[in-house]
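Peer 1: Please construct the entire structure, taking both the sequences and the accompanying hints into account.
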Amino acid sequence: MILLTAGETYERMFGIDWQLLADSTLSLIAVFVLFAVMSYFLFNPARKMLSDRQAKIKGELDDAQANLEEANRLREEYEVKLRDVDKEVESILSDARKRALANENQIIAQAKEEAARIMERARVEAELEKQKVSDEMKKEIISVASLMAGKVVAASIDTKVQNQLIDETLKEMGKDTWLN
Numbered sequence: 001m002i003l004l005t006a007g008e009t010y011e012r013m014f015g016i017d018w019q020l021l022a023d024s025t026l027s028l029i030a031v032f033v034l035f036a037v038m039s040y041f042l043f044n045p046a047r048k049m050l051s052d053r054q055a056k057i058k059g060e061l062d063d064a065q066a067n068l069e070e071a072n073r074l075r076e077e078y079e080v081k082l083r084d085v086d087k088e089v090e091s092i093l094s095d096a097r098k099r100a101l102a103n104e105n106q107i108i109a110q111a112k113e114e115a116a117r118i119m120e121r122a123r124v125e126a127e128l129e130k131q132k133v134s135d136e137m138k139k140e141i142i143s144v145a146s147l148m149a150g151k152v153v154a155a156s157i158d159t160k161v162q163n164q165l166i167d168e169t170l171k172e173m174g175k176d177t178w179l180n
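With the numbering used here, letter number 180 in the sequence shown gets 180, and the count goes up by one each step, no holes.
Just so you know, these hints were derived from the structure itself, not from any lab.
Hints are supplied without guarantee of correctness; some may be wrong.
Claimed, not checked - Simulated pairs of lysine to any residue, SDA-like, Cα-Cα distance not exceeding 20 angstroms:
id, residue 1, residue 2
1, Lys138, Asn163
2, Lys130, Glu140
3, Lys171, Ile118
4, Lys48, Gly59
5, Lys56, Asn44
6, Lys98, Lys81
7, Lys98, Glu88
8, Lys112, Ala96
9, Lys139, Lys151
10, Lys138, Thr169
11, Lys130, Ile118
12, Lys58, Arg47
13, Lys171, Val144
14, Lys171, Ala149
15, Lys87, Arg99
16, Lys81, Glu70
17, Lys139, Ile166
18, Lys171, Met148
19, Lys58, Leu68
As the list claims (entries may be wrong) - Label pairs and their computed distance ranges (CB to CB):
id, residue 1, residue 2, range
20, Arg47, Glu70, 31 to 39 angstroms
21, Ser39, Val80, 55 to 63 angstroms
22, Val144, Ala116, 39 to 47 angstroms
23, Gln131, Thr169, 54 to 62 angstroms
24, Val133, Glu172, 15 to 23 angstroms
25, Leu128, Ser94, 44 to 52 angstroms
26, Arg75, Met38, 48 to 56 angstroms
27, Arg123, Thr159, 41 to 49 angstroms
28, Lys56, Phe35, 22 to 30 angstroms
29, Leu128, Met148, 25 to 33 angstroms
Just so it is clear, the structure is predicted and the values come from calculations on it, not from any experiment.
The beta carbon of each residue, even a glycine, is placed where N, CA and C say it ideally should be.
Peer 2: Right under this line is the structure:
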């Protein structure tokens, strides 16, 4: 507390005069100008850097989201393809089985045809062999008959006796043998 005596005047602790007001105003203007200059040279680049960084982070987040969506879409496509691959594999195996069965049937049919040809050839060869044996037998009969005829001629038997001998010989050999 300040006590005043009778002749003293009370002065304030701060003397507010026009000089103080002018100095204060100039100081405020200087601070404002300094703030404006610093804002232009320091704060604006810092704000720009922060906004660029924010835009970069936002872009990276958007890219990451797009990549995630693309990965999900590709995963779904591959899952569908995997399901389709199983169906396709089954289809290919089914086709292969059908072709193998058709091939098997074709091979069996060819084998049966070949067997039939072989059987037919064997039958024809057997017929030819039978015919050959029959021809040889006829030749043998003719040879025996000639030999008999020679004996008959040698014995000077008449024709009646010769015919009887030929008939007897033919009966002994059999009618079926002579005709085959």
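Peer 1: Holds or violated: are the alpha carbons of Lys112 and Ala96 at most 20 angstroms from each other?
Peer 2: 24 angstroms, violated
Peer 1: Given a hint of 31 to 39 angstroms, does the C-beta separation of Arg47 and Glu70 actually sit inside it?
Peer 2: 34 angstroms, holds
Peer 1: For Lys130 and Glu140, compute the direct alpha-carbon distance and say whether it is at most 20 angstroms.
Peer 2: Between Lys130 and Glu140 the Cα gap is close to 15 angstroms, so the pair holds against 20 angstroms.
Peer 1: Does the Cβ-Cβ separation between Lys56 and Phe35 fall within 22 to 30 angstroms?
Peer 2: 29 angstroms Cβ-Cβ, so the 22 to 30 angstroms window holds.
Peer 1: Are the Cα atoms of Lys171 and Val144 separated by 20 angstroms or less?
Peer 2: 14 angstroms, holds
Peer 1: Within 55 to 63 angstroms: is that where the Cβ-Cβ distance between Ser39 and Val80 falls?
Peer 2: 58 angstroms, holds
Peer 1: Determine whether the Cβ-Cβ distance between Arg75 and Met38 falls within the hinted range of 48 to 56 angstroms.
Peer 2: Given about 53 angstroms between the Cβ atoms, the range holds.
Peer 1: Next pair to validate is Lys139 with Ile166; report whether the Cα-Cα distance is within 20 angstroms.
Peer 2: 15 angstroms, holds
Peer 1: Should the hint that Val133 and Glu172 are 15 to 23 angstroms apart at their CB atoms be regarded as holding?
Peer 2: Hint holds: Cβ distance 19 angstroms, inside 15 to 23 angstroms.
Peer 1: Cβ-Cβ distance between Val144 and Ala116: within 39 to 47 angstroms?
Peer 2: Between Val144 and Ala116, where Cβ atoms are some 41 angstroms apart, the hint holds.
Peer 1: Mind checking the hinted window 54 to 62 angstroms against the Cβ distance between Gln131 and Thr169?
Peer 2: 23 angstroms, violated
Peer 1: Would the hint linking Lys58 and Leu68 be met if the CA-CA limit is 20 angstroms?
Peer 2: Given that 20 angstroms is the threshold and the Cα spacing comes to 15 angstroms, the pair holds.
Of the numbered hints listed earlier, those contradicted by the structure are 3, 6, 8, 23.
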